[in-house]
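Colleague: Each chain is listed here by its residues.
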Amino acid sequence: MTQKLKKHRRSDKAGLPPGSLIHVGEKKMGDVALHLMRYGVDVLDERSLSDFHDYERKDSAGVIDWLDVVGLHEAPLIEEIGETFSIHPLVLEDILNTEQRPKTDEYEDFLYVVLKMLDIDEQTGDLTIEQVSFILKDNLVISFQERIGDVFEPVRERIRSTAGRFRRLGADYLLYALMDSVVDRYFVILERLGEQIEDTEDLLLAHPDQETVRSIYKMKRELLILRHAVWPLREAVNTIRKTESSLIQLQTRTYFGDLYDHVIQNIDTVENFRETVSGMLDLYLSSLSNRMNDVMKVLTVIATLFIPLTFIVGIYGMNFKYMPELEWKLGYPFVWVIMGFIAFAMIYLFKRKKWL
Amino acid sequence: MTQKLKKHRRSDKAGLPPGSLIHVGEKKMGDVALHLMRYGVDVLDERSLSDFHDYERKDSAGVIDWLDVVGLHEAPLIEEIGETFSIHPLVLEDILNTEQRPKTDEYEDFLYVVLKMLDIDEQTGDLTIEQVSFILKDNLVISFQERIGDVFEPVRERIRSTAGRFRRLGADYLLYALMDSVVDRYFVILERLGEQIEDTEDLLLAHPDQETVRSIYKMKRELLILRHAVWPLREAVNTIRKTESSLIQLQTRTYFGDLYDHVIQNIDTVENFRETVSGMLDLYLSSLSNRMNDVMKVLTVIATLFIPLTFIVGIYGMNFKYMPELEWKLGYPFVWVIMGFIAFAMIYLFKRKKWL
Amino acid sequence: MTQKLKKHRRSDKAGLPPGSLIHVGEKKMGDVALHLMRYGVDVLDERSLSDFHDYERKDSAGVIDWLDVVGLHEAPLIEEIGETFSIHPLVLEDILNTEQRPKTDEYEDFLYVVLKMLDIDEQTGDLTIEQVSFILKDNLVISFQERIGDVFEPVRERIRSTAGRFRRLGADYLLYALMDSVVDRYFVILERLGEQIEDTEDLLLAHPDQETVRSIYKMKRELLILRHAVWPLREAVNTIRKTESSLIQLQTRTYFGDLYDHVIQNIDTVENFRETVSGMLDLYLSSLSNRMNDVMKVLTVIATLFIPLTFIVGIYGMNFKYMPELEWKLGYPFVWVIMGFIAFAMIYLFKRKKWL
Amino acid sequence: MTQKLKKHRRSDKAGLPPGSLIHVGEKKMGDVALHLMRYGVDVLDERSLSDFHDYERKDSAGVIDWLDVVGLHEAPLIEEIGETFSIHPLVLEDILNTEQRPKTDEYEDFLYVVLKMLDIDEQTGDLTIEQVSFILKDNLVISFQERIGDVFEPVRERIRSTAGRFRRLGADYLLYALMDSVVDRYFVILERLGEQIEDTEDLLLAHPDQETVRSIYKMKRELLILRHAVWPLREAVNTIRKTESSLIQLQTRTYFGDLYDHVIQNIDTVENFRETVSGMLDLYLSSLSNRMNDVMKVLTVIATLFIPLTFIVGIYGMNFKYMPELEWKLGYPFVWVIMGFIAFAMIYLFKRKKWL
Amino acid sequence: MTQKLKKHRRSDKAGLPPGSLIHVGEKKMGDVALHLMRYGVDVLDERSLSDFHDYERKDSAGVIDWLDVVGLHEAPLIEEIGETFSIHPLVLEDILNTEQRPKTDEYEDFLYVVLKMLDIDEQTGDLTIEQVSFILKDNLVISFQERIGDVFEPVRERIRSTAGRFRRLGADYLLYALMDSVVDRYFVILERLGEQIEDTEDLLLAHPDQETVRSIYKMKRELLILRHAVWPLREAVNTIRKTESSLIQLQTRTYFGDLYDHVIQNIDTVENFRETVSGMLDLYLSSLSNRMNDVMKVLTVIATLFIPLTFIVGIYGMNFKYMPELEWKLGYPFVWVIMGFIAFAMIYLFKRKKWL
Ligand SMILES: [Mg+2]
Ligand SMILES: [Mg+2]
Ligand SMILES: [Mg+2]
Ligand SMILES: [Mg+2]
Ligand SMILES: [Mg+2]
Ligand SMILES: [Mg+2]
Ligand SMILES: [Mg+2]
Ligand SMILES: [Mg+2]
Ligand SMILES: [Mg+2]
Ligand SMILES: [Mg+2]
Ligand SMILES: [Mg+2]
Ligand SMILES: [Mg+2]
Ligand SMILES: [Mg+2]
Ligand SMILES: [Mg+2]
Ligand SMILES: [Mg+2]
Ligand SMILES: [Mg+2]
Ligand SMILES: [Mg+2]
Ligand SMILES: [Mg+2]
Ligand SMILES: [Mg+2]
Ligand SMILES: [Mg+2]
Ligand SMILES: [Mg+2]
Ligand SMILES: [Mg+2]
Ligand SMILES: [Mg+2]
Ligand SMILES: [Mg+2]
Ligand SMILES: [Mg+2]
Ligand SMILES: [Mg+2]
Ligand SMILES: [Mg+2]
Ligand SMILES: [Mg+2]
Ligand SMILES: [Mg+2]
Ligand SMILES: [Mg+2]
Ligand SMILES: [Mg+2]
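Chains as they are written, first to last, in this note's numbering: chain A, 9 to 364; chain B, 9 to 364; chain C, 9 to 364; chain D, 9 to 364; chain E, 9 to 364.
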């Protein structure tokens, strides 16, 4: 059975009761995938669930469950997960509405974090944007994403490895690791954008054209997207770092502090790029004006040089019966001398005005 | 009897005592309509009142009255309502003056909320703006609007339905639901504006003209209106969420928190659009300059190519008696060779300057 | 005795001790006028004082004195008033210096409020600006203004009328009423400015010229004046509203809260107008560029069409003895055909470039 | 012995230990001058010290010493003064470094205030800038300035006079009076700048040229200097007003409050001027564009009118043997008719486009 | 063995666990150098360590160790140092990642400070940027820099000298001295930039060209770098000044207060320069427009003067058989008179329009 990808829009929800579970955004993949990772110091159980009913919570101390939900378009599944873990309907609504702004909401027994995962499409080079939500409960992290991707794979590797300290740490550290891997991707994107900016700058100084303006405009828009991803994230990370909730242990707060630093660095770079890109358009306009000036000078030099001369030859092209100069023996060379004098005078003037 | 719609202006009130009940703004409909909805878990009574004296308050626990007043131009009616429910004259004045800025005022036994309901006129595509005020008292919500509309209809549907939990919730939840339906409409407007912006962008890159500038200017003004509607609303919703008044129950505050999120999202989008639209004018100007450059190059190439040649043919159009070249057998082809050479040299120069 | 109106400037006070009573500003009327209004529930006494010594304070409960001083250029009178009511010399200095910024200063037993009264000169249509100061003491308000005007007349009417509640209210309510009548005038000015802005917008889109720029510039300056009047007023009104002084009664604070709303509305409108007006210059420049483009296209089309043709006819105007084409029977029509072909090719090219 | 005025720069101090006493800035006068004024209710002793060792402190109640040090280039003298009055080396360093930003530093037993004294050079009309530092101790004020000037002269006059209350007031009042006389000078400078701005505006509307741009640019820079003088001064004055130090008496705080007002007024005016001046460049550019438009229209009208006509006369200047029109009896007048028709058509079109 | 300098990028760390020690940035020198300075009132021991194992801590009261690590590309060495002094892995990661933003992090028993050392490359005149980190523990300062330089040399000299008080002061003073020497370098850079700005201004007014724009653009970027170095440094220094940690003694706080002043001065100057440089581009554009105007006027004067005249001589160059004027005796001089009249009329008009 073929299934068309359809896009729900925010306006489809206008007038519906709060907590109405409707997926807002593009449907980015076929079936929803559930992936469970259960780990502790000596425990490691990793599997894909074909049905959420296969999931069973086991409350043994130090054993952490990470449930990764990929695909947001099956509202009933999300609702069921919500009921199982007693998540407030307004949170479920936010998870499904992919136009959230990054934030952290504190509830009595869980934390809800939502942020934007950005990436660069390898084919088109365009920026892709995806919403990722996290629920942090006691010994449990649920992540919701829109599309399969490899951003969390390094985290899985670190859990699988027995070498690291990861399995000894709590669910809060898992939340940190997942958020950190999202933020790390921002650095990659900003580096690429930085290269693009440098290329455009070189182009702008060498031979600016309308195409360059389009690429400036495109970068401006991508920076706007990045800005909307990172600015509110600062507050979201800070809320976790400063929360009074016991879900975040003291030692993990240092890690969230480091993450906070990374977000600030991203904000700095974004603002820096924004200013550079915004200055480019001025540079482009000044460069255009400069060239226009050059064009106008050439036109003016040629025109003001030859128009008077053409007038002179026009005079002696007249057919009056009585024009004494025409009869002179040296009339013709004399005209050349006059024209030569005028031409030299003009050129001297242009030189003085530095137009030549 | 025909009745002319007249508009009172803010300046008509200059010098009047505070609390003077004069409707400020356009009169947007004929008669004032009163609609009462009385509901509780097992109660549902809905009717139009032709006269406010038909209204009678019944204080039974869990029964909520929603009185919807449509049309603000009958000041005595508003005054009577004010007296019945002991509303401060300054509040009544604000209800009638449709140039309020969104806000929440806390009084001892009621909350006063005023905001802007925006819509798109289906005929003209223009933004319409209407002021909506709410009074929240114990088990009572009074809404004041300027014009009949269907924005509150979904709320009425939810009250009528026995399925939902609506009737079990308090008057504060009703206030939330009404405000939410107003804010939901902003999303619809912003989506349409977003489409317009994208269309204009395409137009701007394809073939910009003065018409595009007008539409940019129009969008700028609509965004200014939206901005004035949403920015102060943030503070207004926050005041409700954080109020110490017992009129707002704990569980409803979560809903107002969600509404607050929506307002912030609206603000973000508005600011985003504002920046995009403001950048468009620069794009337009750069595109104009570019085209001017092209025009100038064409003019310059043609003029500097032919003006010297025209000068040369002018020379041999002179009628001097003694012009040796005219007598030469190969004078004419020789002139062609010289002109050909000059033309090629010019074209070579233009190519090097990349004007061709 | 004729008396020349002279203007003292702020710099005339440089180096003088603080509290030096010198009138700074233009002298705006001939003699200083004193007007006393004494009222209570059953009392109403209103008269002009030709001499301040005629004034006598009577301290009976519920009787309020409003002393209105019109004209600030007689420093000794102001000093005498100051001594009579024990007003700090620095306050007297501020009253006389008409370049104050709106503010409220709290002293032990009185409040000092200064603000700007703006108006539109009926003859010239220009904005006039006047400084108004208020002293609020127990059962006493002294107002100082620079020029006779009718702004306070409605307040006097309300005091005279036995119908209203005015006479039952305190001196703080009188202060509110006076300040409110000043702020109400701002609405009137802003409405007129709003109309001017709309007119200028229409003009700008229809046929912009240098005159329009001048009127934009004038509006910009008037908005700057308005801005300086309303922005600090917000803080000044808020200080009264939140003061711990017993001079402001609880019930009057609600009225000052309403006044505060009005000031905020004024600020909003001013900022709104400022943005609109500032965008106008960009619109004007884009419109100029557009027109220049049109002019250039016409020039370019005509010039590039005829310059090559003129060259061709120039060729056959040469007087070479041996020019075979001149002898051809069909030489002349042939040249016409060639020129026709060139003209059509050019026109086709212009059409494709959308210059025609 | 002649002595060359040399300028130390901030970078000469790079790497030196803190508190290194090196004068940074231009040396603005020959020898350092010391002037002592000792006064109390019945005491007045005023003299110039040729040597700082001549100074002797006398601690009698109510007797205040004001030591005025003019010239900062003799570091050992400043060091000696510092040791005598136990001033922290970092403060001495700040006194000598004339690139301080206005500030107030509170130390245990003294206050340190530094600000900028601005003036207008009578010869060149340029803004001059000088750093003034104050040390306030018990019954003692030390002022440090770079150059002899008459700004403090009015304060000396008031001290000398037995009439005023000055001598009855404390050292904190002296500090106030000195700072006030510096700030008063700002008003004078701003008034002159205001006149310059108005002159430039008139010039800009009448006949703008590159010279006007230069003067706009000069005003911009002077406003930048003023801005750097007044903005931090606000904080500096506020620190004094709010200090917990007993060096500032309660009654003097009112005076510092007045000074604070003056600084705010200066800030307002500076920002106002900055906005006006910044708008001037836009006005200039719009005026330039307008003129360019006029120039282009003239060129276009003349060129498009005569180029086609010149083409026509060119046709009949050709020398083809067989050109029937040339033989016509009415050929010549006919051509005139055609050209007349073309000219009228063109002129009609230009009128319609409002280019004429 | 030759060793290629390779650059690690921030993105190489994406997905790695926190605290992964990888050097991010350019490798700026060959081998890592360790330099130890151990000093107290009577102690001075200074040597280069070829191996970190040569280092041995000696805890005697009043003896301070300053370990200067130059070169950050040997991660294992940094890790070893980190273990020896129990530094948190996240701090080590920050030390190695040279894209930190200046900050101070407080840990239980140490302070971590990171800032940017800027310098001017003597060969190229370009700004170089280097990251410097400091660890302050009890009686210990560790500094980490990327490259050998002479910025800290004056500090070493002051330690070596027995004259100064340096050796009597604590490790916190050493930290201050090192940070101060970095900040002092900013003044040097800003002075040079200030000179460049002045030179560019002169150039801009004398003969602006595209090269000037490039140098404006370059200054803009350097100011952006400076801005990112100094703005966050303010907070970093303030954190030290206000810290509750006992690592910073009371008397040293005054010195950090002075450093804070210097940072603020730097910020002021940077913002000042930014505004000046940003205004330059506007000046350049206005200057370009002005020149274009001049060019256009010359073209227009010449063209509108000669085009009509050329038309006239064209008329009498026509070959019509019947052209009465050609037969006139005074036809030729008559034409001259007419042309002379037209030329004078044109010149009069141009004069009136002030184009000549
Ligand atoms: Mg909803
Ligand atoms: Mg939500
Ligand atoms: Mg994904
Ligand atoms: Mg990270
Ligand atoms: Mg950066
Ligand atoms: Mg710009
Ligand atoms: Mg009113
Ligand atoms: Mg109101
Ligand atoms: Mg409605
Ligand atoms: Mg909603
Ligand atoms: Mg509006
Ligand atoms: Mg967005
Ligand atoms: Mg713009
Ligand atoms: Mg004074
Ligand atoms: Mg004052
Ligand atoms: Mg008046
Ligand atoms: Mg009012
Ligand atoms: Mg408004
Ligand atoms: Mg503008
Ligand atoms: Mg130093
Ligand atoms: Mg200092
Ligand atoms: Mg001086
Ligand atoms: Mg003063
Ligand atoms: Mg002003
Ligand atoms: Mg500008
Ligand atoms: Mg990482
Ligand atoms: Mg880090
Ligand atoms: Mg180094
Ligand atoms: Mg320093
Ligand atoms: Mg400066
Ligand atoms: Mg600027």
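These are calculated hints, taken from the structure and not from any lab test.
Hints may contain errors.
Treat identical chains as interchangeable: a pair holds within one or across any two.
Straight line, CA to CA, 20 Å or less: simulated SDA-like cross-link-like pairs of lysine to any residue [stated by the list, open to error]:
(1) Lys228 to Gly265
(2) Lys250 to Gly178
(3) Lys359 to Glu114
(4) Lys21 to Arg200
(5) Lys111 to Asp158
(6) Lys21 to Arg166
(7) Lys35 to Leu291
(8) Lys15 to Asp39
(9) Lys359 to Leu296
(10) Lys361 to Arg282
(11) Lys35 to Ile128
(12) Lys35 to Ala83
(13) Lys66 to Asp217
(14) Lys36 to Leu213
(15) Lys361 to Ser68
(16) Lys362 to Asp39
(17) Lys226 to Asp117
(18) Lys337 to Leu313
(19) Lys36 to Ile350
(20) Lys21 to Arg173
Colleague: Go through the numbered hints given earlier and state which of them the structure violates, listing their numbers in rising order.
Modeller: Those not satisfied are hints 1, 3, 5, 7, 10, 13, 14, 15, 16, 17, 18, 19.
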